[in-house]
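Participant: Input sequences plus hints: build the corresponding full structure.
Chains A and B are the protein sequences, given in the same order.
Using the working numbering, you'd call the opening residue of the first sequence number 87 and step up by one each time.
Using the working numbering, you'd call the opening residue of the second sequence number 87 and step up by one each time.
These aren't lab readings, by the way, just hints derived from the structure by calculation.
Each hint should be verified, as a subset may be incorrect.
Note: identical chains are not told apart, hence a pair may lie in one copy or across any two.
[Unchecked claim] Listed below are the simulated DSSO-like cross-link pairs for lysine-lysine, each with C-alpha atoms no more than 30 Å apart in a straight line:
#	residue 1	residue 2
1	K390	K347
2	K529	K550
3	K552	K403
4	K550	K480
5	K248	K518
6	K480	K248
7	K213	K547
8	K294	K418
9	K418	K134
Protein chains: 2
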Amino acid sequence: MILLNKKKFLNIVVDFSFQMRPEANIMYFKLNRKFVMRLSRYFLPLMKETPADAQIISHRLMHRAGLIHKTSAGIYSWLPLGLRVLENIERIVREEQDRIGNHYIKMSTIQPADLWIESGRYDAYGKEMLRIKDRHDRDFLYGPTNEEQVTDIVRTHLKSYKDLPLNLYQIQWKFRDEIRPRFGVMRGREFLMKDGYSFDVDFESAKKTYQSIFQSYLRTFRRLGLTAIPVQADSGAIGGNMSHEFQILAETGESTVYYDKRYEELANSANIDFDELSSLYAVESEKHDPATCPIPEDQLLVKKGIEVGHIFYFGTKYSEVMGLKVTGSDGKPFHPEMGSYGIGVSRLVGAIIEASHDDKGIVWPEAVAPFKVMIIDLVNSDDATMSMGCQLHKALISMGIDVLYDDRNERPGVKFATADLIGIPYHVIVGKRSTETGLVELKHRKTGQVQEMTLDHIIEKFNKDKS
Amino acid sequence: MILLNKKKFLNIVVDFSFQMRPEANIMYFKLNRKFVMRLSRYFLPLMKETPADAQIISHRLMHRAGLIHKTSAGIYSWLPLGLRVLENIERIVREEQDRIGNHYIKMSTIQPADLWIESGRYDAYGKEMLRIKDRHDRDFLYGPTNEEQVTDIVRTHLKSYKDLPLNLYQIQWKFRDEIRPRFGVMRGREFLMKDGYSFDVDFESAKKTYQSIFQSYLRTFRRLGLTAIPVQADSGAIGGNMSHEFQILAETGESTVYYDKRYEELANSANIDFDELSSLYAVESEKHDPATCPIPEDQLLVKKGIEVGHIFYFGTKYSEVMGLKVTGSDGKPFHPEMGSYGIGVSRLVGAIIEASHDDKGIVWPEAVAPFKVMIIDLVNSDDATMSMGCQLHKALISMGIDVLYDDRNERPGVKFATADLIGIPYHVIVGKRSTETGLVELKHRKTGQVQEMTLDHIIEKFNKDKS
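Facilitator: Here is the structure:
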């Protein structure tokens, strides 16, 4: 079924308040708050050479594709294309946090040292903490994590067990002063992280919270187009600490993960069963011993992984030491049980590239791609091809699809190479012949598959994808 | 015309995948990524007492309404309700930046001192700059502004006059180590700011850019529900520096602004004429001298204002000293002309409250309100009223309207006071009698006007508002 037939399509084109503003940076029209970007005016500084310190493929590709600018060792600024990916990841992470009822807050990046002295971690944290003195010579730090700060918020405002369970999360910049920052945004010093903190009345409730986050993380990574393996990070006895690291599979990963092959099937089922999944064997190489491995070798998969998430139950550790107490149902005060839950949002940009690229460049999963469609106008000086290209991008934008229009005065080969390098999932190629035949080429970046189609069929295809 | 008639409304209710999860923090259903919040499970720590340092009304109300948590002097964390307002402002600021073709980037908060030594501002900036040494004893700082950093990005990546004009902007946390932080988020140390930077080939082009930002700022503040007066900040000769501060009118403002009363009419016209508007008399009190004032007294208005924006043209100051050069159309390298443009995003939350409150609390302009509608269920234990309340909030959410449902076990007076304090624009009051008569009360927070209406009429009203 063609949802948007020719008649309707033409009506939409007529209805649009299309604007061509040569003096501005963008040829755009606005519909549903979406803008069409014209590549000749877009700030996309592609690089042929990559910095000497870019050792891994994601780091090189992020520079070559104009996603980031290096400000200092381990400190990056995000350029428009990279920021679109970062924000897509952020949006998906937030949606999945909101879905399970967590509350979105934003804590300051700068924290007073007092809070960390109270928790006992100020000295323990070592040189990775960026320590700061303000103009009055008082001690502050750039938050590497926020257990202390969130405990301070909750102890100030929470009074009763009736306000529990409570789960506060944020997506905020953090700083860890790595001795040797490397791998670009994968191990940077300033990085964007989602960190969440839970407060529960007792262990049973805390365990339910932990399980709900565990399932939510798997959903989050799946939506990002990734396969994530939750690896037990601490083998404490039941009733003690619970902790899992989430490793996404990438051939170039730093870690090696040994895991039960039944895992992938279970993780992709509609309802993730925590008990079933977390009981499966999954460990990092240093914990794997063939002699004691509980599952037969033919059931074992060995793959490379990148850590992108970490969840951790730590009971009353911070609520006790920082004096967080609320009144229980029996009228007596008690220390809530806590856990913390992190996802490396900026790290994920690099990790996704490690998991999804080829020799031509990045292959973005659709959910995080900076644009879904790139229209490549091969003629560019011809009114007829531009008119076709414009018609198409108006129709796609009206469907809420992000489009980048390559109107640069470049050879076809350069345009194809750019589209491949920056990893846009679909390329629509409009050439001289298109204006005669009415056909354009639709190329799928991931498979390389090319189909000749009419504009109507392309619109039909993307309409189907949406529904 | 009732866009959503009874039949359709009931269909929507049936279609919804409504979920009641007592174990989660939110009774919600999802449609268009919108969630309905249940106040009994929302993290809204209302305060009866306000901190001793809260001298001005916005600071007191932000604490009382549970918008922020004070982490340290001049350093605040944003709680859920406050963060919703902050993000609404951020969204509007971004939309207006995107509309004029500016490119969205995100620079790091931490900058190397080297860049500021290069520009000559490292020593000049004084104690307001938060200076930091990393573990290798290298000098860094928490960016108070970003002229140096953006110039570094542009000199690295821009080669030709063909890439101009270019305008890069970001919304990012900044730090200024104020000697006496006060007025809550209005003069905090860590704050969220939109800062933009323009690069042009020559003065004529830079002037056009400046004018376009000037007009864009007026549109932005108007959309935020504010009246902003652009006050000339520097009276340099034509061809020299151009600079305007944007003062929003608030009875409790710090500044006193003297301005031509024709201003408000011109600023609210559909097409803002820069030349006409910027030629009108508007100065701060220290520059106003009745003896030399060029306009007659009966044409002069005197009002209190709060500075929320500042735009500044500074020519080749940074491009020269930092060696930013691009090739001109004549093949010769030249230094681009620059300007910078700031809006105090977190400051605006306080400023809007100063401009819009009464003795009962905050009166949010609709565009920035954390929720547009608050449903007040006076019975709460009664299935019939809850069913009416739920029906209504499902319908409103399906229209993309944010709703907070007060299901707390509190007296009506407490519920009314909360709704007034936190400033939600519309309150819908569902009482015992509503289930018999089919009528609920719709109260407008700003005017206090109350109307009895059916649910259908409320839905009709909000549908009309949208179109």
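Participant: State for each hint whether it applies.
Facilitator: Hint by hint, here is what the structure shows:
1. K390 to K347: For K390 and K347, the Cα distance is within 30 Å only inside one copy (14 Å; across copies 69 Å).
2. K529 to K550: Classified as within; 17 Å inside a copy, 43 Å across copies.
3. K552 to K403: neither (46 Å within a copy, 50 Å between copies)
4. K550 to K480: both (17 Å within a copy, 27 Å between copies)
5. K248 to K518: between (69 Å within a copy, 26 Å between copies)
6. K480 to K248: between (51 Å within a copy, 26 Å between copies)
7. K213 to K547: Neither. Shortest intra-copy (54 Å) and inter-copy (59 Å) distances fail the 30 Å Cα cut-off.
8. K294 to K418: within (23 Å within a copy, 67 Å between copies)
9. K418 to K134: Answer is between; shortest inter-copy Cα gap is 24 Å, intra-copy 66 Å.
When each numbered hint is compared with the structure, violations occur for hints 3 and 7.
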